[in-house]
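Listed here are the chains, written in short residue letters.
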Amino acid sequence: MSQQSHSGSPDQMAMYIRVKHCKTTYFLQCDPTETILKIKEKLHALIDQPVDDQRLILMETGRILDDSKTLADQKVENDAVVALTLRKDDNEFEDVNIVRPNDFYQSRDSDGGVNC
Amino acid sequence: MKKEDTVKLISAEGFEFVIDKKAAMVSQTIRNMLTSPGSFAETEHGEVTFPEISTVILEKICQYFYWSLQYASGKETEFHIEPELTLELMMAANYLHT
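Protein sequence lines correspond, in order, to chains A and B.
Under my numbering, read the first sequence as residues 8 to 123, first letter to last.
Under my numbering, read the second sequence as residues 9 to 106, first letter to last.
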């Protein structure tokens, strides 16, 4: 199926990343030249968390991504998986919390205490 | 990107994938849901649940949607499919008219 009809420049489809938090994955379209701050602003539109309360971690390397740098600077590539962590009440950031389908089956019975 | 421009696809295990409507509409089935005048309840909430599609397969499908848009805009890359997913993925693709 090929549809050429969508508007905008081809650059719009330059890349996407998969931002994961708990049981949710956000697919975000982005450009390698965009800064992490821009990405966080996009996330802000989808979840109600302010930019300052978000932390993004590149799963491949475990590196915390820097707001002022671009995706390309930090080697975040097309289809990359990025973990989203949020600031907790005590002002610290939570640990990476990504539930995978298999974990889920196990943790449903034991109720592993993951606060999602 | 605004929240209204996205749609949430929910897998059999209750995992959620938030993707652009534009990407979701690569699937003719989802396109029909989102654009038909009778308006599905799903459309109103921007959520579609697929009780028959497992999380792994649904994620692969979402990746395919984006790959497909990239391909259409001239970026010719290969779409990698793990052999063990092939059958289940084909069945889902058939269902979604993708």
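I should point out that these hints are in silico values taken from the structure, not numbers from a laboratory.
Just to be clear, a hint being listed does not mean it is correct.
With a straight-line cut-off of 25 angstroms between C-alpha atoms, the simulated DMTMM-like cross-links for lysine to aspartate or glutamate are [what the hints assert, rightly or not]:
no.	chain 1	residue 1	chain 2	residue 2
1	A	Lys49	B	Glu92
2	B	Lys30	A	Asp86
3	A	Lys82	A	Asp96
4	B	Lys30	A	Asp60
5	A	Lys76	A	Asp60
Just so it is clear, the structure is predicted and the values come from calculations on it, not from any experiment.
Quick rundown of the hints versus the structure:
no., hint, in the structure
1, Lys49/A with Glu92/B, "violated, 34 angstroms"
2, Lys30/B with Asp86/A, "holds, 17 angstroms"
3, Lys82/A with Asp96/A, "violated, 31 angstroms"
4, Lys30/B with Asp60/A, "violated, 29 angstroms"
5, Lys76/A with Asp60/A, "holds, 18 angstroms"
When held up to the earlier numbered hints, the structure conflicts with 1, 3 and 4 and fits the remainder.
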